[in-house]
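2 protein chains.
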Amino acid sequence: MEHYSSKLLKDAVDAFSSLPGIGKKTALRLVLHLLKQPREEVDFFADSLQKLRREVVYCDKCHNISDVALCHICNSSSRDASLVCVVENIRDVIAIENTSKFNGLYHVLGGIISPIDGIGPDDLNIASLINRIKEDNVKEVILALSTTIEGDTTNFYIFKKINMTGVKVTTIARGISVGDELEYADEVTLARSISNRTLYENSLSK
Amino acid sequence: MEHYSSKLLKDAVDAFSSLPGIGKKTALRLVLHLLKQPREEVDFFADSLQKLRREVVYCDKCHNISDVALCHICNSSSRDASLVCVVENIRDVIAIENTSKFNGLYHVLGGIISPIDGIGPDDLNIASLINRIKEDNVKEVILALSTTIEGDTTNFYIFKKINMTGVKVTTIARGISVGDELEYADEVTLARSISNRTLYENSLSK
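Residue numbers (the working numbering), protein chains in the order written: chain A, 1 to 206; chain B, 1 to 206.
Fair warning: there could be bad hints in the mix.
When chains are identical, the list treats them as one kind, so a pair holds in a single copy or across two.
Claimed, not checked - The calculated DSS-like cross-link candidates involving lysine-lysine, where the alpha carbons are at most 27 Å apart (straight line), are: (1) K101 with K168; (2) K51 with K160; (3) K36 with K51; (4) K25 with K139.
Quick caveat, the hints were computed from the structure, so don't treat them as lab data. Because the structure is a prediction, the values reported are computed rather than measured.
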């Protein structure tokens with residue numbers, strides 16, 4: 001048991017250490033840092049969390065986090081609405097957006113099918129994906145889920161559902177990371193990178 | 001630049017990543033975690049920080065963080081008020097309290113003398129320490145500052161000031177950590193642990 005000389009301090013440390021990956025010592029360090037900041041900064045910190053929790057909305061179309069009913073990606077006229085990239089969560093959207101190399105839209109599933117965790121297709125945004133494909137003239141669906149058994153299951157489930165609609169279904173390339181050494185790659189990745197080899201000319205255009 | 005689809009999300013991530021040691025990715029993970037928690041929990045989180053920042057007080061006597069004018073340590077009748085341990089900051093108090101082996105009072109300096117950072121004796125709670133020693137019938141002052149040049153300077157400064165009062169001045173023992181192997185200890189620590197060796201009988205009583 002930790003000994004805090006102040007109930008206020010203890011509450012704040014408890015709050016921080018309830019976050020994933022933050023222990024009591026780190027929490028204390030963060031709280032004492034905030035304590036030294038101007039009051040307005042602490043207010044901004046607290047307000048931004050409460051506002052986010054209260055006012056955040058999810059895009060009606062792609063279920064990405066948003067401030068308005070239709071997110072700025074779905075709402076953009078410069079993006080290719082016929083191309084939809086299916087991802088597990090919001091973090092994946094941010095990761096792909098940060099590459100600045102994808103010009104289509106997204107569809108955030110909100111997880112993957114995982115019977116062990118009690119997550120079935122109906123718990124995810126799959127029905128809305130099927131509707132979108134039918135209604136929005138989508139030509140290609142890119143599956144960008146994780147390469148776990150659950151990811152594969154989800155991929156297959158979606159593929160079966162979409163396949164009837166005649167839309168093209170692709171998955172993102174798996175292979176050796178740029179800059180990585182072959183000898184340290186795992187066998188599955190290495191095998192995948194060989195069987196999915198691309199034309200040399202195409203690798204130049206990146 | 002990171003691409004967030006929501007201003008609210010961006011504000012919350014910015015708030016978290018302003019904390020020391022928290023990068024954008026960790027901040028995003030923490031914010032998305034909070035977003036999944038019940039609203040009351042996020043409110044508790046935010047409130048505890050604001051309350052701490054607004055209502056926290058520092059003990060009139062030892063300058064430890066406190067909810068009341070005289071902290072519960074200084075106010076305790078079961079503690080030895082003739083023994084004062086001088087520490088740099090609140091974290092040190094918590095660390096020593098966690099050992100449950102110290103029954104005296106504390107004095108939090110709020111830093112150490114560091115000319116390079118523009119911190120002189122007058123920026124620290126040294127004057128109040130001298131007053132305390134004179135007024136409160138203190139018999140022993142334990143210096144528990146860090147073993148840096150700044151720590152040594154501060155120790156010496158306090159020692160010179162206190163020495164006139166005739167109070168006993170000690171420093172905490174420096175030596176090999178319990179469980180550590182001799183061969184990996186640095187020379188200064190090892191030398192210190194030899195020159196400050198204790199009677200074997202005394203080591204048993206711990």
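Going through the hints against the structure:
no.: 1; hint: K101 with K168; verdict: within (20 Å within a copy, 70 Å between copies)
no.: 2; hint: K51 with K160; verdict: neither (40 Å within a copy, 54 Å between copies)
no.: 3; hint: K36 with K51; verdict: both (23 Å within a copy, 14 Å between copies)
no.: 4; hint: K25 with K139; verdict: neither (52 Å within a copy, 33 Å between copies)
In summary, the numbered hints that this structure violates are 2 and 4.
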